[in-house]
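Undergrad: Letter by letter, the chains look like this.
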Amino acid sequence: MSVLIYIENPNGHIKKSGFEVATYGAKLASSMGTNAIGLILGSATNAGDLGKCGLSKVLQANGLPTNEFDAQSYSHVIAQIAKDHQANVVILSNTANGKALTGRLAIKMEAGSVSGANALPDLSDGFSVTKSVYSGKAIVKYKINTKNKVISVMGNSLQPDMSGQAIDVEQITVTAPTTKLKVLERKTSDGIVPLPEAELVVSAGRGMKGPENWGIIEELATALGATTACSRPVADADWRPHHEHVGQTGVAIRPNLYIAAGISGAIQHLAGVNNSKVIVVINKDPEAPFFKAADYGVVGDLFEVVPRLTAAVKKFKHA
Amino acid sequence: MNLLVCISKTPDTTAKISFKADDTEYNSDGVTFILNPYDEWYALVRAIELTEQNGGNVTVINVGPATNDIIIRKALAIGANDAVRIDTDASDAFTVASNIANYAKTKNFDIIFLGKETIDYNGSEVGAMIAELMDLPYVSYASKLDVQSALSTVTREIEGGEEVCQVEGSFVLSAAKGMAEQRIPNMKGIMMAKNKPLEVIAPMSGDVRVSTQKFVLPPAKSGVKLIDAENMDELVRLLHEEAKVI
Ligand SMILES: Cc1cc2nc3c(=O)[nH]c(=O)nc-3n(C[C@H](O)[C@H](O)[C@H](O)COP(=O)(O)OP(=O)(O)OC[C@H]3O[C@@H](n4cnc5c(N)ncnc54)[C@H](O)[C@@H]3O)c2cc1C
Ligand SMILES: Nc1ncnc2c1ncn2[C@@H]1O[C@H](COP(=O)(O)O)[C@@H](O)[C@H]1O
Numbered sequence: 001m002s003v004l005i006y007i008e009n010p011n012g013h014i015k016k017s018g019f020e021v022a023t024y025g026a027k028l029a030s031s032m033g034t035n036a037i038g039l040i041l042g043s044a045t046n047a048g049d050l051g052k053c054g055l056s057k058v059l060q061a062n063g064l065p066t067n068e069f070d071a072q073s074y075s076h077v078i079a080q081i082a083k084d085h086q087a088n089v090v091i092l093s094n095t096a097n098g099k100a101l102t103g104r105l106a107i108k109m110e111a112g113s114v115s116g117a118n119a120l121p122d123l124s125d126g127f128s129v130t131k132s133v134y135s136g137k138a139i140v141k142y143k144i145n146t147k148n149k150v151i152s153v154m155g156n157s158l159q160p161d162m163s164g165q166a167i168d169v170e171q172i173t174v175t176a177p178t179t180k181l182k183v184l185e186r187k188t189s190d191g192i193v194p195l196p197e198a199e200l201v202v203s204a205g206r207g208m209k210g211p212e213n214w215g216i217i218e219e220l221a222t223a224l225g226a227t228t229a230c231s232r233p234v235a236d237a238d239w240r241p242h243h244e245h246v247g248q249t250g251v252a253i254r255p256n257l258y259i260a261a262g263i264s265g266a267i268q269h270l271a272g273v274n275n276s277k278v279i280v281v282i283n284k285d286p287e288a289p290f291f292k293a294a295d296y297g298v299v300g301d302l303f304e305v306v307p308r309l310t311a312a313v314k315k316f317k318h319a
Numbered sequence: 001m002n003l004l005v006c007i008s009k010t011p012d013t014t015a016k017i018s019f020k021a022d023d024t025e026y027n028s029d030g031v032t033f034i035l036n037p038y039d040e041w042y043a044l045v046r047a048i049e050l051t052e053q054n055g056g057n058v059t060v061i062n063v064g065p066a067t068n069d070i071i072i073r074k075a076l077a078i079g080a081n082d083a084v085r086i087d088t089d090a091s092d093a094f095t096v097a098s099n100i101a102n103y104a105k106t107k108n109f110d111i112i113f114l115g116k117e118t119i120d121y122n123g124s125e126v127g128a129m130i131a132e133l134m135d136l137p138y139v140s141y142a143s144k145l146d147v148q149s150a151l152s153t154v155t156r157e158i159e160g161g162e163e164v165c166q167v168e169g170s171f172v173l174s175a176a177k178g179m180a181e182q183r184i185p186n187m188k189g190i191m192m193a194k195n196k197p198l199e200v201i202a203p204m205s206g207d208v209r210v211s212t213q214k215f216v217l218p219p220a221k222s223g224v225k226l227i228d229a230e231n232m233d234e235l236v237r238l239l240h241e242e243a244k245v246i
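The listed protein sequences correspond, in order, to chains A and B. When we follow my numbering, the leftmost residue of the first sequence carries the number 1, and every step to the right adds one. When we follow my numbering, the leftmost residue of the second sequence carries the number 1, and every step to the right adds one.
Derived from the structure by calculation, the hints contain no laboratory data. One should not assume that every hint holds.
Stated by the list, open to error - Calculated cross-link-like contacts (lysine-lysine; reagent style DSS-like; alpha-carbon spacing at most 25 angstroms):
id	chain 1	residue 1	chain 2	residue 2
1	B	LYS214	A	LYS143
2	A	LYS180	B	LYS144
3	A	LYS137	B	LYS214
4	A	LYS315	B	LYS107
5	B	LYS225	A	LYS314
6	A	LYS277	B	LYS16
7	B	LYS244	A	LYS180
8	B	LYS196	A	LYS277
9	A	LYS187	B	LYS144
10	A	LYS16	B	LYS244
11	B	LYS144	A	LYS284
12	B	LYS221	A	LYS137
13	B	LYS221	A	LYS292
Computed from a predicted structure; not experimentally measured.
All chains should be modelled from the sequences, with the hints used to inform the complete structure.
TA: Right, here's the structure in full:
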């Protein structure tokens, strides 16, 4: 028996979300009294650091084309390695790729699966996992009834624990099945933390009046080291790129801090952000519904408040 | 083109969320149900557009009880040609996926469409399961799809960006925003939908791999703390010292 953790290595580097799932898998394995094995497909400059999370082994599988994600071939390889190492639990990140793999692996392993777990499993009565449902309006506890289990873990669900020792990465070679899917092109905005992983997010809505005014939002985000987001009408009007749209029909996020300026707080918007740890709302209308979901509120004109907040953040960072 | 669109029923986006039966079941009293937005706006409409351009047939499929017929009729009113309902409770993703795959196996669909997720369970699992059960490629979170005979070009969302891929032959796709524009059914569509075929099929038997133990509501916010708009130093201090997020 063991727990296998598939860790993504976009562009040959493991990100914080990768160390989160490694920590999740290591903690789960230790409460199950078994070993945690990390798996990366292709190389990663910081793969050895996975050992610090408490993994007893880190495997690097070579033989798959890198940066050519195909759920069919990837799940084939992961399931094969799970079998070779008698892993009956597989842990993944709940990223776009992780979600595409979770269901496939569940079928291959005849496993019950939960996608988007928000905490470590409860082993006190079988094997239960909690996750957020109804677009953040409720939390459900699922019981997995099968011997094998596949779980994808929502970003920011736990802090990576890297107090252990780095370990040597074990190289293995795999043969991937031929595939009917080819990745032609990948476009990512470099240097910026993608929204689903961001710990700090600055978001703005229709109160901004137009795309030309976004400079003040970007300055606040830069001062904080935050990622920018927006409400749906803003993305629909092409004021901002679509991948910034958060909410029920956009990206669901759970950062530590969500600052919303000029967003009314419609229920569909809240659905994507109400799992944030702390919410700050800046709105000139004291009756805006968003204040009910906020921890801190500023009633005022965002065109004055946001630059003032940016200045205060800069002052704090330099103090 | 022979296309299949998987559709599900979810509470309206503004529905109140509460539970019954010792917090093990969703309380649907007084709740309006809708066709899951991703299935309706993006998956279904793009499938209809493709058959409008290239000819063919769009079948919609739902796993659920007879009370789901209302959303199936809506999909037919929007423009699907025929419908199938597999008469069982959608108890978990595996139940839904295995029943759909079992039906689709013999029908030679060119593309099987799903929404990127249901807005109640937020699982994003069914599509990947169907693809695996049928040994087909799977492209999730697709925001654009073009089909040139046996070659499809799909744009899919990934963390902080997008990816363009090419797929050969049949495949399974989950649709996200950008794929198509919502269509409101017109009177003619609604009338025609009444006479379109809706086949009801008995489910296959299978075990429930994942069962619901309990629902809980997230802890309520303790109330907003208002900060003077002139005093942003105070907000920064609170975020640092009290909330400890910066
Ligand atoms: C099925 C469905 C799904 C949806 N999904 C989403 C989703 O995923 N995400 C999403 O965001 N929306 C979604 N919506 C839309 C949602 O209902 C709202 O319409 C939308 O969130 C409103 O965007 P907004 O807050 O930017 O604009 P508005 O509602 O117009 O609010 C603008 C706010 O800015 C404030 N303001 C104006 N000027 C200033 C100023 N100078 N200073 C400070 N404040 C100012 C106003 O007081 C107001 O509160 C969905 C709707 C439906 C029906
Ligand atoms: N009961 C169902 N019947 C048919 N299709 C479904 C059903 N439930 C989910 N789906 C499809 O699977 C997609 C993903 O659902 P989920 O995995 O629950 O997020 C949905 O957008 C639908 O296209």
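Undergrad: Decide, hint by hint, whether the structure agrees.
TA: Verification of the hints:
1. LYS214(B) - LYS143(A): Holds, at roughly 9 angstroms.
2. LYS180(A) - LYS144(B): 18 angstroms, holds
3. LYS137(A) - LYS214(B): 14 angstroms, holds
4. LYS315(A) - LYS107(B): 65 angstroms, violated
5. LYS225(B) - LYS314(A): The hint holds at about 23 angstroms.
6. LYS277(A) - LYS16(B): Roughly 22 angstroms separates the two Cα atoms, so the pair holds.
7. LYS244(B) - LYS180(A): 48 angstroms, violated
8. LYS196(B) - LYS277(A): 49 angstroms, violated
9. LYS187(A) - LYS144(B): Holds: LYS187(A) and LYS144(B) sit about 14 angstroms apart, inside 25 angstroms.
10. LYS16(A) - LYS244(B): OK: LYS16(A) and LYS244(B) at ~19 angstroms, within 25 angstroms.
11. LYS144(B) - LYS284(A): Not satisfied, since the Cα-Cα distance of roughly 38 angstroms exceeds 25 angstroms.
12. LYS221(B) - LYS137(A): Given that 25 angstroms is the threshold and the Cα spacing comes to 13 angstroms, the pair holds.
13. LYS221(B) - LYS292(A): Holds. LYS221(B) to LYS292(A) sits at ~8 angstroms (cutoff 25 angstroms).
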